[in-house]
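**Student:** Sequence:
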Amino acid sequence: MATLRALDKITGRSADFEIEVGAPIVFGVLEIDLKVCFQTPPEEPPESAAFLQIKEADYVETNTLTKPRLASEVRAEMSAAETSDESPSVTESENEPAGPLFSGWMFASTPGLSALEHPVYDVWVIRCRQPSPDSLSSPVVPDE
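Just so you know, the UniProt record's numbering puts the end of the sequence shown at 144, numbered straight through with nothing missing.
I should point out that these hints are in silico values taken from the structure, not numbers from a laboratory.
If you're wondering where the values come from, they're calculated on a predicted model, not measured in any experiment.
The reader is advised that the hints may include incorrect statements.
[What the hints assert, rightly or not] Label pairs and their in silico Cβ distance ranges:
| hint | residue 1 | residue 2 | range |
| --- | --- | --- | --- |
| 1 | PRO42 | SER79 | 43 to 51 Å |
| 2 | SER109 | ALA76 | 32 to 40 Å |
| 3 | PRO46 | PRO100 | 36 to 44 Å |
| 4 | GLU44 | ARG69 | 13 to 21 Å |
| 5 | PRO42 | VAL120 | 33 to 41 Å |
| 6 | PRO46 | ILE10 | 26 to 34 Å |
| 7 | PRO45 | ARG69 | 33 to 41 Å |
| 8 | GLU77 | GLU44 | 36 to 44 Å |
| 9 | LYS67 | PRO45 | 29 to 37 Å |
| 10 | PRO41 | SER72 | 15 to 23 Å |
| 11 | GLU117 | PRO41 | 16 to 24 Å |
| 12 | PHE38 | SER72 | 22 to 30 Å |
| 13 | THR110 | GLU77 | 18 to 26 Å |
| 14 | PRO46 | THR11 | 25 to 33 Å |
[Unchecked claim] Straight-line distance between alpha carbons at most 20 Å, and here's what the computed EDC-like set of lysine to aspartate or glutamate pairs gives:
| hint | residue 1 | residue 2 |
| --- | --- | --- |
| 15 | LYS55 | ASP33 |
| 16 | LYS67 | ASP33 |
| 17 | LYS9 | ASP122 |
| 18 | LYS67 | GLU56 |
| 19 | LYS67 | GLU20 |
| 20 | LYS35 | GLU77 |
Cβ atoms here follow ideal geometry from the backbone N, Cα and C, with glycine treated the same way.
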């Protein structure tokens, strides 16, 4: 799990949100997918590093977004609206998946080192959260 901060440069509004590995979030016209997140151990200098893939979401997905939401929820609402014919139709050429706007590592200590280049949005890593020791499975103890 990671904490990200996204900034809408037009409105000046920023939002901090949690994202799970493999559970993409839609923010504005961006779909953000966290692949891996690392946090250094406490005895080392603090650093969080996350591998993110960010792509532009479909027009229909972004019509009503005002805060970050799970991409699966947005898609479910989009398909429900399509079945009831409430949304504008999208032609096949408009619905072609585009390549990612960003695919790589972002570091909390140096957000400018590897940054998303987008005219409207900035996204950067705040921190990674490691699972608590209680949630980790106990180590296997060999039989004597």
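**Student:** Give a verdict on every hint.
**Tutor:** Hint check results:
1. PRO42 / SER79: 43 to 51 Å: holds (45 Å)
2. SER109 / ALA76: 32 to 40 Å: holds (37 Å)
3. PRO46 / PRO100: 36 to 44 Å: About 28 Å separates the Cβ atoms of PRO46 and PRO100, which means 36 to 44 Å is violated.
4. GLU44 / ARG69: 13 to 21 Å: violated (35 Å)
5. PRO42 / VAL120: 33 to 41 Å: At roughly 37 Å between Cβ atoms, VAL120 and PRO42 fall inside 33 to 41 Å, so the hint holds.
6. PRO46 / ILE10: 26 to 34 Å: Between PRO46 and ILE10, where Cβ atoms are some 32 Å apart, the hint holds.
7. PRO45 / ARG69: 33 to 41 Å: Holds, since PRO45 and ARG69 (Cβ atoms, about 34 Å apart) stay within the stated range.
8. GLU77 / GLU44: 36 to 44 Å: Hint holds: Cβ distance 43 Å, inside 36 to 44 Å.
9. LYS67 / PRO45: 29 to 37 Å: Holds - the Cβ-Cβ distance for LYS67 and PRO45, about 33 Å, lies within 29 to 37 Å.
10. PRO41 / SER72: 15 to 23 Å: violated (33 Å)
11. GLU117 / PRO41: 16 to 24 Å: Since the Cβ atoms of GLU117 and PRO41 sit about 32 Å apart, the hinted range of 16 to 24 Å is violated.
12. PHE38 / SER72: 22 to 30 Å: Hint holds: Cβ distance 25 Å, inside 22 to 30 Å.
13. THR110 / GLU77: 18 to 26 Å: violated (37 Å)
14. PRO46 / THR11: 25 to 33 Å: Since the Cβ atoms of PRO46 and THR11 sit about 31 Å apart, the hinted range of 25 to 33 Å holds.
15. LYS55 / ASP33: holds (9 Å)
16. LYS67 / ASP33: Holds, at roughly 16 Å.
17. LYS9 / ASP122: holds (7 Å)
18. LYS67 / GLU56: holds (16 Å)
19. LYS67 / GLU20: Distance ~16 Å between LYS67 and GLU20 Cα, so the pair holds.
20. LYS35 / GLU77: Not OK: LYS35 and GLU77 at ~24 Å, beyond 20 Å, violated.
In the structure shown, a violation is registered for the earlier hints numbered 3, 4, 10, 11, 13 and 20, in ascending order.
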